[in-house]
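Read off the chains here:
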Amino acid sequence: MKRLLQIIALIVKYERKAFLLGLLLTVTVLAMGVALLGLSGWFITASAAAGMAGLGILFNVFAPSAMVRFLALGRTAARYGERLLTHDATLRALSDLRIRLLEGLLTRPHRELEKLRANAFLNRVTADIDALDGALLRLVLPAFAGWVVITLTGALLWWLVHPSIGLVVGLGYLLLPTLVFLIGQRIARRPSRQVEAALMASRTRLIDLIAGRDDLTMYGQLQAVAAHVQGAFERHSRTTRKLDRIQRRTGLGLDLIGAALTASALGLGARLVQAGEISAAQAAIGVFAALALAETVAPVRRALAEIGGMVMAARRVLPSVAAEAPEERSVHVSEGAVLEMSGVGYRRGGSAAALFAPVNLTVAPGETVALAGPSGSGKSTLLLLAAGALAPAEGAVRWGGRPVAELSQDNRAHSIALVPQRHALIAGTVAENLRLAAPAAGDATLWEALESVCLAETLRARGGLDLRLGFRGVGLSGGEARRLVLARALLRRPQLLLLDEPTEGLDDATARAVMAGIRAALPEAAILMAAHRAAELSCAGTCLQVAPEKTAHRPDAASVMRNLIRIKYGS
Amino acid sequence: MTAPAEPSRLPEPPEPERRGILLALLPALTWPLQAAVIAWVLGGLLTDPAQVPALGAAAAFLALAALRAGCEALAQRVLSEAADARIVALRAEIVTREAGSADAARHGGAGAMAALAGEKLEALRPYLTRYRPARLRAMVMPLVILALALWHSWAVALILLLAGPLIPVFMALVGWAAKAASERQMVEIGALSDLLVDRLAALSDLRLIGAGGPLVTGFAEASERLRDRSIAVLRIAFLSSTVLELFSALGVAMVAIWVGFTLLGELGWGSWGAELSPAAGIFLLLLAPEFFQPLRDLAAAWHDKAGADAVLAEVEAWRAEPRAARLGQGVALPPSGPLPVLRLSGLCHHGIRYPELEISPGDTVAITGPSGAGKSTLLRLIAGLERPEEGVITLGAAPLDAASADVWRGRIGWMPQAPHFLARSLRHNIGFGASVAPEAAHLGGVLEALPRGLDTMLGERGAGLSGGEARRVTLARAMQGAPGLILADEPTADLDAQTAAAITEALLAFARRGGTLVVATHDGALAARLLRQVSLGPAAGGDA
Chain G
775 MKRLLQIIAL IVKYERKAFL LGLLLTVTVL AMGVALLGLS GWFITASAAA
825 GMAGLGILFN VFAPSAMVRF LALGRTAARY GERLLTHDAT LRALSDLRIR
875 LLEGLLTRPH RELEKLRANA FLNRVTADID ALDGALLRLV LPAFAGWVVI
925 TLTGALLWWL VHPSIGLVVG LGYLLLPTLV FLIGQRIARR PSRQVEAALM
975 ASRTRLIDLI AGRDDLTMYG QLQAVAAHVQ GAFERHSRTT RKLDRIQRRT
1025 GLGLDLIGAA LTASALGLGA RLVQAGEISA AQAAIGVFAA LALAETVAPV
1075 RRALAEIGGM VMAARRVLPS VAAEAPEERS VHVSEGAVLE MSGVGYRRGG
1125 SAAALFAPVN LTVAPGETVA LAGPSGSGKS TLLLLAAGAL APAEGAVRWG
1175 GRPVAELSQD NRAHSIALVP QRHALIAGTV AENLRLAAPA AGDATLWEAL
1225 ESVCLAETLR ARGGLDLRLG FRGVGLSGGE ARRLVLARAL LRRPQLLLLD
1275 EPTEGLDDAT ARAVMAGIRA ALPEAAILMA AHRAAELSCA GTCLQVAPEK
1325 TAHRPDAASV MRNLIRIKYG S
Chain V
735 MTAPAEPSRL PEPPEPERRG ILLALLPALT WPLQAAVIAW VLGGLLTDPA
785 QVPALGAAAA FLALAALRAG CEALAQRVLS EAADARIVAL RAEIVTREAG
835 SADAARHGGA GAMAALAGEK LEALRPYLTR YRPARLRAMV MPLVILALAL
885 WHSWAVALIL LLAGPLIPVF MALVGWAAKA ASERQMVEIG ALSDLLVDRL
935 AALSDLRLIG AGGPLVTGFA EASERLRDRS IAVLRIAFLS STVLELFSAL
985 GVAMVAIWVG FTLLGELGWG SWGAELSPAA GIFLLLLAPE FFQPLRDLAA
1035 AWHDKAGADA VLAEVEAWRA EPRAARLGQG VALPPSGPLP VLRLSGLCHH
1085 GIRYPELEIS PGDTVAITGP SGAGKSTLLR LIAGLERPEE GVITLGAAPL
1135 DAASADVWRG RIGWMPQAPH FLARSLRHNI GFGASVAPEA AHLGGVLEAL
1185 PRGLDTMLGE RGAGLSGGEA RRVTLARAMQ GAPGLILADE PTADLDAQTA
1235 AAITEALLAF ARRGGTLVVA THDGALAARL LRQVSLGPAA GGDA
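Protein chains in written order, with the working numbering: chain G, 775 to 1345; chain V, 735 to 1278.
For the record, the hints were derived by calculation from the structure and aren't laboratory data.
Honestly, I wouldn't trust all of these hints.
[What the hints assert, rightly or not] Selected chain V positions facing chain G (Cβ under 10 Å, derived; list incomplete):
1) Gly778
2) Ala799
3) Glu853
4) Glu1055
5) Ala1059
6) Ser1159
7) Arg1161
8) Leu1242
All of these numbers come straight from a predicted model, not from anything done at the bench.
Ideal Cβ placement from N, Cα and C applies to all residues, glycine included.
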């Protein structure tokens, strides 16, 4: 609840003016509605009284009837303005919130970002933000406006009708629905959480079923996973019914409160007329106003249905949104910077054992250094350490003479590029994928990068830069995707290029051409790569064996050579 | 994302739903009685205050209101349970059909299908619980109130009659526009979901080449587009409800003014020549808003209908797609007897003709050829994941068909090039509930590196596993349950020499124990160590 309030404060801050104006209009709409019904009731009853007394000619009918028309039309106009304004403000604020969330996530540590699974993310960004759209429209605005209008009405009834009617109607509407809301949201909290968890589980499981269809078929697990999905959907249905029941009961409570207050106004009014304290027309105002106020508490029902989801969404969204961007230190990496690693060690996920024996290396501009070693020995980890995405457990990683971790994210992004093993391509054209790295690059520059990785010819035959890729780059073969990712990294023109097995999936001749193309495109870059193919190793000036901690030994040239020879003749 | 012009319709409502709709009419019918109580009390206070039983009248009003609220709650209960049953049935249909199809839906990726089955189908709930009862109320209540008004005054009936029928005309016009706009919005939401899964999957890697900023910018544009469309939908929705409110406000104001002037004695027409009693005047004023209320409820529900229609059209488009049925059920069936001889004869699929092939138990076959030659497809054909367009695959004497597919697959260890790991533990991903012996699974190195070992949770794309580790897990999964045949697609691609050697050794050891191997590969070293090599198609392109 506290986090929800913080999010609401953020939303209000984004669009303060529109919010205040919206609140004003909401109050206007509700107040006019109550005034319209109260005035009409008074007008008719008073007219009847005047008519019966034969005083019809003396009764000023024009002011009230003009007032009735004004309220009727004014309320309609105010309502349109109020709806449009508050919805627009909310959507604007939510769009800001979405973007801030993504920006916040970008500042998170690498491992955390990697672990957060796409499904959970998807749910977080779309569903959570959508859930929060009700916070302003269906929670805060109706609550404030409702309280204001009920208080005003109570005061007016006190003054125009009778203190007792003002008190009963005003306090009754002010306190009882609020109480129902507070109790209702407490009871609904658990079921709302269960409904949401069930929907999230069914989403993850359905994605597993559809994306893993073939594997699951092969392992005879298809029906089991389908049943697993169904199980989640059934749980969703069960909990939804439970939540529905709570909402029906609170709705019933609200209906009865409105009815009881109107009945009180009616009975009390009749008694007061009988006692001669007020006129019948005044009693009519009380009854009609009590009827009209039911409109102000109607949103409680909707708010109760949504508050559970909102609280949960706020809890998840807030940490990422509230994350302030880390202080940017403007440290510039000069030309000719050198990458140095001294005694670097790393431990994976809190395990005590170091992943590899301490590593010492230097990569100067124009130099190419290869990291060799079996899978799992930590080559990829070393690259992440060099990029500053991970912090070493021991030793230091320096880039341009400074610890790489001290550089701001911007600075790192500007001078270092790491191409991991996976092909991080997105749905869109080839040009869109390339321009992620260089938004301002012209077509000629893009083609140049494609030439460097021997992809230009292949693409030219298939639609060139406008070739449209499916989600995650579907439509390219593994080797093509690999080269496209390399071309994209070249477009950033980094001073330090980190490559993780860059030519995997390419035939030997192409691999050699690609390695030569990369060097030709970035003659001054320091290149560090995880490599195991002859085509890669042969273009490296230095080769460093990454060894497990247990068998720690200094890089052994002979073993590297043996490895090289085996690879050369083996393939 | 396709959205055909024809909206699909739900079948006619089943019995409980009809009952709920009728039940929802009762609360509306109670209102004239409540109004009569108020009118009678206020009228009595004007003529003879002493005769009014204040407490009794208040109690009567309260009792009627309680009846009304009770009926309302009961109707809601019946309706929401019926709606839930509908949604459950639709979801079951999606799960069953997606599980039973051999190919992916063109309708959208896994993310889009999950969005459809999840939050989009939720849009049917308000439609089913609100629209249908609102439609019945809109048909019945105005007539009831018109009749009551006519009884007292033809003038009031005339005012209502004039203001009322114009409303549906306006609503139809606005409803059209709202539906088109809302369809556009639904498409946009689906596209945004897919776009988001796609971008988020690439987020960590794109940050490493410093492309996080442009990624956010691209997403911001998509988000803004969604906002624009949402506002377009809302503007129309609000316009239609404003038109309605305008008419109802004018109607009520005119009734109030006519009643007021008549009671004053200024107007002498409109009440069938008789004098309008104060109670009747107040009664008419209380009824007037209720003449318009059902129409306003229907208008509000109209937008639920527009949203639901868009979702139903999407369901219909998905349903209309021809999908190839999967061979077999995809359940685990224990095989019996020895591995049959596999024969491929006259296979032609997607324009590729495959050589005649006979694979006996214990055979080791390398399928080689350039990419695009059909190596992976051949493995999928053998596995029964695709049906050949021409030719037959036989297992011993029997053809590979729906009846034999599951038993056949029970004998196969499957090593795809890009496996999908379930969002469950590593243990479950290997054994699917069966116990996993790590030492037998060639996993040793992988487990040491994972702090939580076999209990590590995997996600999409095997989060937390490196390429080599994922391949080892795939191998372990294939070896699990002692298969007779392993089908491996490029088992050594993208691996360093040592891991590739380890995988190769594991596969060869399996063959030495009498296992049959069919490996699609471009790794010459691996192919050379198998008994036979089958080469497919001519070379093309720079890929290996």
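The hints, checked one at a time:
1. Gly778: holds (8 Å)
2. Ala799: Check passed: Cβ of alanine 799 of chain V comes within 3 Å of chain G, closer than 10 Å.
3. Glu853: This interface hint holds because 7 Å falls under the 10 Å limit.
4. Glu1055: violated (14 Å)
5. Ala1059: Alanine 1059 of chain V check fails; min Cβ-Cβ to chain G is 12 Å, beyond 10 Å.
6. Ser1159: violated (13 Å)
7. Arg1161: violated (14 Å)
8. Leu1242: At about 15 Å, which exceeds the 10 Å cut-off, the nearest Cβ of chain G leaves the hint on leucine 1242 of chain V violated.
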